[in-house]
Amino acid sequence: MVYRFRVILDAEEDVFRDIELLEESTLEDFHNSIINAFGFDGNEMAAFYISDETWNQGEEISQFDFGDGEDPVRLMNETTLDSIFSEDQTKLIYVYDFLSMWTFLIELGEIAEVEEGRDYPNLMFVHGQIPLEAPDKEFIAEKDEFGDDYDSEFDVDDYDDLSFDENWN
1 MVYRFRVILD AEEDVFRDIE LLEESTLEDF HNSIINAFGF DGNEMAAFYI SDETWNQGEE
61 ISQFDFGDGE DPVRLMNETT LDSIFSEDQT KLIYVYDFLS MWTFLIELGE IAEVEEGRDY
121 PNLMFVHGQI PLEAPDKEFI AEKDEFGDDY DSEFDVDDYD DLSFDENWN
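Per UniProt numbering, the sequence shown starts with residue 1, numbered consecutively.
Hints were generated in silico from the structure; no laboratory data involved.
Please read all numbers here as calculations on a predicted model, not as lab measurements.
C-beta atoms are modelled at their ideal positions from N, C-alpha and C, and glycine is treated no differently.
Don't take each hint at face value.
So the derived label-pair ranges between C-beta atoms look like this [stated by the list, open to error]:
no., residue 1, residue 2, range
1, Glu116, Asp71, 41 to 47 Å
2, Gly58, Asp119, 30 to 36 Å
3, Met101, Gly128, 16 to 22 Å
4, Gln89, Leu123, 42 to 48 Å
5, Phe66, Gly109, 29 to 35 Å
6, Thr80, Glu116, 19 to 25 Å
Construct all of the structure, not just a fragment, from the sequences and the given hints.
Put into structure tokens, the structure is as follows:
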């Protein structure tokens, strides 16, 4: 089977690519397809994140395992598309270059039959030009995210009232 995706740059302008890959392709294959489709050099770190219907970021699928071995880490090169996507799970978030935060919203559009004579992955459609710099992100906390215990009167620059020795080392 072939999975057909729309990969959309999270920006004001419409910039997206339609890419199709074989169901047994890995997320590393998908990562390489995305960087080629958008013209990145591929020298920066990236990750996929499982997403729900409202684009909330969930579990990370990383390019490399930087963990301490205690918590298992899902890796791109070990994770196939068919192990992630289903009728109920159709969305991923992809972040390329954690300093610039190029963020892409990925949605599975269709599962189709393999077409004889076609090479996969296949860049099906290109729309829009990627900007020279990653679009700015506005990170907004939910109202009352810190609960009622949050002290808005707290001055982070006033060390005199804190109960520690600032020359402790």
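These are the hints, each one checked on the structure:
1. Against the hinted window of 41 to 47 Å, the Cβ-Cβ separation of Glu116 and Asp71 comes to about 43 Å, which satisfies the hint.
2. Separated by about 32 Å at the C-beta atoms, Gly58 and Asp119 satisfy the suggested range of 30 to 36 Å.
3. A beta carbon spacing of about 19 Å between Met101 and Gly128 agrees with the range 16 to 22 Å that was offered as a hint.
4. Distance hint for Gln89 and Leu123: a CB-CB separation of about 23 Å, inconsistent with the stated range 42 to 48 Å.
5. Checked against the hint of 29 to 35 Å, the pair Phe66 and Gly109 passes, with Cβ atoms roughly 32 Å apart.
6. Under the hint 19 to 25 Å, the C-beta atoms of Thr80 and Glu116, about 22 Å apart, fit the expected range.
Consistency note: the structure conflicts with earlier hint 4 alone.
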